[in-house]
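Engineer: The residues making up each chain are set out below.
Number of protein chains: 2
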Amino acid sequence: MTTLLILDSQADAYNEFVKNAHLPGLNVLLATDPSGLPEGAALAEVVLAPPGLLIGALPRLTSLRWVQSTWAGVESLLAPELPRNYLLSGVKGVFGTQMAEYTLCYMLAHERQVIQRFDSQRQGAWDHRMPGQLAGKHAVFLGLGSIGGECALRCRQFGMRTSAVTRSGAQTALVDKHFQVENLPQAVSDADYLVMSLPDTPETRHLVDGPVLDALPPHAVIINVGRGRSLDQQALLSAMKAGELAGAVLDVFEHEPLAPGDALWDCPGITITAHTSAVSFVEDIAPLFLANLGRYLAGEQPHHLVDFTRGY
Amino acid sequence: MTTLLILDSQADAYNEFVKNAHLPGLNVLLATDPSGLPEGAALAEVVLAPPGLLIGALPRLTSLRWVQSTWAGVESLLAPELPRNYLLSGVKGVFGTQMAEYTLCYMLAHERQVIQRFDSQRQGAWDHRMPGQLAGKHAVFLGLGSIGGECALRCRQFGMRTSAVTRSGAQTALVDKHFQVENLPQAVSDADYLVMSLPDTPETRHLVDGPVLDALPPHAVIINVGRGRSLDQQALLSAMKAGELAGAVLDVFEHEPLAPGDALWDCPGITITAHTSAVSFVEDIAPLFLANLGRYLAGEQPHHLVDFTRGY
Numbered sequence: 001m002t003t004l005l006i007l008d009s010q011a012d013a014y015n016e017f018v019k020n021a022h023l024p025g026l027n028v029l030l031a032t033d034p035s036g037l038p039e040g041a042a043l044a045e046v047v048l049a050p051p052g053l054l055i056g057a058l059p060r061l062t063s064l065r066w067v068q069s070t071w072a073g074v075e076s077l078l079a080p081e082l083p084r085n086y087l088l089s090g091v092k093g094v095f096g097t098q099m100a101e102y103t104l105c106y107m108l109a110h111e112r113q114v115i116q117r118f119d120s121q122r123q124g125a126w127d128h129r130m131p132g133q134l135a136g137k138h139a140v141f142l143g144l145g146s147i148g149g150e151c152a153l154r155c156r157q158f159g160m161r162t163s164a165v166t167r168s169g170a171q172t173a174l175v176d177k178h179f180q181v182e183n184l185p186q187a188v189s190d191a192d193y194l195v196m197s198l199p200d201t202p203e204t205r206h207l208v209d210g211p212v213l214d215a216l217p218p219h220a221v222i223i224n225v226g227r228g229r230s231l232d233q234q235a236l237l238s239a240m241k242a243g244e245l246a247g248a249v250l251d252v253f254e255h256e257p258l259a260p261g262d263a264l265w266d267c268p269g270i271t272i273t274a275h276t277s278a279v280s281f282v283e284d285i286a287p288l289f290l291a292n293l294g295r296y297l298a299g300e301q302p303h304h305l306v307d308f309t310r311g312y
Numbered sequence: 001m002t003t004l005l006i007l008d009s010q011a012d013a014y015n016e017f018v019k020n021a022h023l024p025g026l027n028v029l030l031a032t033d034p035s036g037l038p039e040g041a042a043l044a045e046v047v048l049a050p051p052g053l054l055i056g057a058l059p060r061l062t063s064l065r066w067v068q069s070t071w072a073g074v075e076s077l078l079a080p081e082l083p084r085n086y087l088l089s090g091v092k093g094v095f096g097t098q099m100a101e102y103t104l105c106y107m108l109a110h111e112r113q114v115i116q117r118f119d120s121q122r123q124g125a126w127d128h129r130m131p132g133q134l135a136g137k138h139a140v141f142l143g144l145g146s147i148g149g150e151c152a153l154r155c156r157q158f159g160m161r162t163s164a165v166t167r168s169g170a171q172t173a174l175v176d177k178h179f180q181v182e183n184l185p186q187a188v189s190d191a192d193y194l195v196m197s198l199p200d201t202p203e204t205r206h207l208v209d210g211p212v213l214d215a216l217p218p219h220a221v222i223i224n225v226g227r228g229r230s231l232d233q234q235a236l237l238s239a240m241k242a243g244e245l246a247g248a249v250l251d252v253f254e255h256e257p258l259a260p261g262d263a264l265w266d267c268p269g270i271t272i273t274a275h276t277s278a279v280s281f282v283e284d285i286a287p288l289f290l291a292n293l294g295r296y297l298a299g300e301q302p303h304h305l306v307d308f309t310r311g312y
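As you go down the protein sequences, you meet chains P and X in turn.
Note that this note's numbering numbers the first sequence so that position 1 is 1, with each residue one more than the last.
Note that this note's numbering numbers the second sequence so that position 222 is 222, with each residue one more than the last.
Careful: at least some of the hints might be erroneous.
Calculated pairs, DSBU-like style, for lysine-lysine (alpha carbon to alpha carbon, straight line, at most 35 Å) [said to hold, decoys possible]:
(1) K137(X) <-> K92(X)
(2) K177(X) <-> K137(P)
(3) K92(P) <-> K137(X)
(4) K137(P) <-> K241(P)
(5) K19(X) <-> K92(X)
(6) K137(P) <-> K19(X)
(7) K177(P) <-> K92(X)
(8) K241(X) <-> K177(X)
(9) K137(X) <-> K137(P)
(10) K177(X) <-> K92(P)
(11) K19(P) <-> K92(P)
(12) K137(P) <-> K177(P)
(13) K177(X) <-> K137(X)
(14) K137(P) <-> K92(X)
(15) K137(P) <-> K92(P)
(16) K177(P) <-> K137(X)
(17) K19(P) <-> K137(X)
(18) K177(X) <-> K92(X)
(19) K177(P) <-> K92(P)
(20) K241(X) <-> K137(X)
(21) K177(P) <-> K241(P)
Hints are computed from structural coordinates only; laboratory data are not their basis.
Input sequences plus hints: build the corresponding full structure.
Structural biologist: Encoded structure:
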């Protein structure tokens, strides 16, 4: 008998998927908050939870062997004071679609001046300014994992030119041109859009800093769907105020939620979303978990394991 | 010697393309307004102009044989009191890209609640409402010409299901399902989006009326990039006020520009753009004109001829 603890605000919805899988020898416990752990939670060998809830429960999960995170961001579990004597699976491959929709949404909204036109509508004004278009524009991808790759595919379908900046600079079929990260300023020098989808590691901290922002043309727009710390927010604010950049669409920040009163909130040209570019829909995460649980129960290694040292 | 009159606010830009084509035996006259026609305009056999400017010049264009419109909408030239003794070429095939970008832009903006989130930002609020996504949603196309077809292609690339409603209901490779126009209410009954790209003809007037709006599910959004008269605006307002429809994105109206004070301006859920879903970029129109001019000068029939009786 394996005890599974589902610790999630949507525990019931996840449990429906688990029940329908008819896995033998599984004892399922449900909780929506670490303050309300059910009796027997100490026996839980497998936990399905978002990192934020898991942290509060960790001290009591003395039988823990494997965690499937329901969220992509697992950085909070990497803090050195927390236990690392369990397997941790992240979420991979299910957020590409949402992130690509987010990226294209805000690219198109920029070209089409959606906000400005809606303001005109509110004033009852017939706003016949000329729109721009994505076709022919150049998107540079900083990071070309499953998310960057899916964004690049959509951009190509819109007739955009595409480049990628990666550690190795190795050729792929995903984009037209490839650059090593050492050549980042050169890579972005004729970008219309810079799409960031980097993990949070020491190497990526403030990778987009003042000199990189200087290298971007003044009509360029940054879209960050990766991690907040890969972009130097103070340098961004300076560049925006100096008119050296047309805009930035930020879903992630150095500290989240973004502090009230932060200068980013009302900096013209900056769009702020609340780390919602990809959310965990139960119908996306549950099948991934069940496939991974099948591997675990069969004695195999679960997929998408996080390296506590490497950080992703 | 053939005299060409370029009558357009961007006449100089068009003339650059004409000059670069090095066509022999062409006498080119330029004007930006019918009130300032150059000497010799009465000799113009070929005119490149938008309908709005052409109308004012028509009485003086006594040698006119062929007009290439720079704009898609040529209805104003079909008025019965105007001469019809010349060939009129419309613009086809160059607006699909822009219209597809417009359509996907506003679909994505709806799913992603771009306006609502931006309002949250203006209030400094961390807005973590869940976004929707296009993947899996159902788009129904009313009209499947070059514009509807290109919109349908993009929708499919986003993983949407697609249906089309046309006069014949004939099968195409462009969408998943086909309906005859008689079955319009049935076709839209499970639509998430209804994309209208119809020409303005007696048959399409108020084709989307109260009963069709009733047949749409309450979560559906209408996008009209075709002609305003194919949608009954009063019925739309009633449906919106009754909560029978989630929204409408309108680029065209029964009368344009939309009158100040019209109830559409501030009806919640209605997005108004000023007939800008596709605009005439000189770099798009000039090559089309030059190809057509080549045909005309060679004694062939120009492409995209408008039937003055049929209306398109």
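Engineer: Look at each hint and say if it fits the structure.
Structural biologist: Outcome of the hint check:
Distance check on the hinted pair: K137(X) and K92(X) sit about 29 Å apart at the alpha-carbon level, within 35 Å; holds. At most 35 Å may separate the alpha-carbon atoms for a hinted pair to count; K177(X) and K137(P) meet this at roughly 33 Å. About 23 Å separates the Cα atoms of K92(P) and K137(X), which keeps this hinted pair within 35 Å; it holds. Using a Cα cut-off of 35 Å, the hinted pair K137(P) and K241(P) holds, with the two alpha carbons roughly 24 Å apart.
With a CA separation close to 23 Å, the supplied pair K19(X) and K92(X) stays within the 35 Å bound. Distance restraint check for K137(P) and K19(X): the Cα-Cα separation of roughly 27 Å lies within the 35 Å cut-off, and the hinted pair is therefore satisfied. For the hint pairing K177(P) with K92(X), the CA-to-CA distance comes to about 33 Å; that is within 35 Å, so the pair holds. The suggested pairing of K241(X) with K177(X) holds, with an alpha-carbon distance near 31 Å, which does not exceed 35 Å.
For the proposed pair K137(X) and K137(P), the alpha carbon gap of about 27 Å is at most 35 Å, so the pair holds. Proposed proximity of K177(X) and K92(P) is supported: the alpha carbons are some 33 Å apart, at most 35 Å. Our distance criterion of 35 Å between C-alpha atoms is met by K19(P) and K92(P), whose separation comes to about 23 Å. Restraint check: the Cα-Cα separation between K137(P) and K177(P) comes to about 14 Å, which is no more than 35 Å; the hinted pair holds.
With a C-alpha separation of about 14 Å, the suggested pairing of K177(X) with K137(X) holds against the 35 Å cut-off. Among the hinted pairs, K137(P) with K92(X) is consistent with the structure: their alpha-carbon atoms are about 23 Å apart, no more than 35 Å. The hinted pair formed by K137(P) and K92(P) meets the criterion: a straight-line CA distance of about 29 Å does not exceed 35 Å. Only pairs whose Cα atoms come within 35 Å are accepted, and K177(P) paired with K137(X) is accepted, the gap being roughly 33 Å.
For the given pair, K19(P) sits about 27 Å from K137(X) by alpha-carbon distance, which is consistent with the 35 Å threshold. Taking the CA atoms of K177(X) and K92(X), the gap is near 25 Å; set against the 35 Å cutoff, the hint holds. With a C-alpha separation of about 25 Å, the suggested pairing of K177(P) with K92(P) holds against the 35 Å cut-off. Taking the CA atoms of K241(X) and K137(X), the gap is near 24 Å; set against the 35 Å cutoff, the hint holds.
A threshold of 35 Å between alpha carbons decides the hint, and for K177(P) with K241(P) the separation of about 31 Å falls inside it, so the pair holds.
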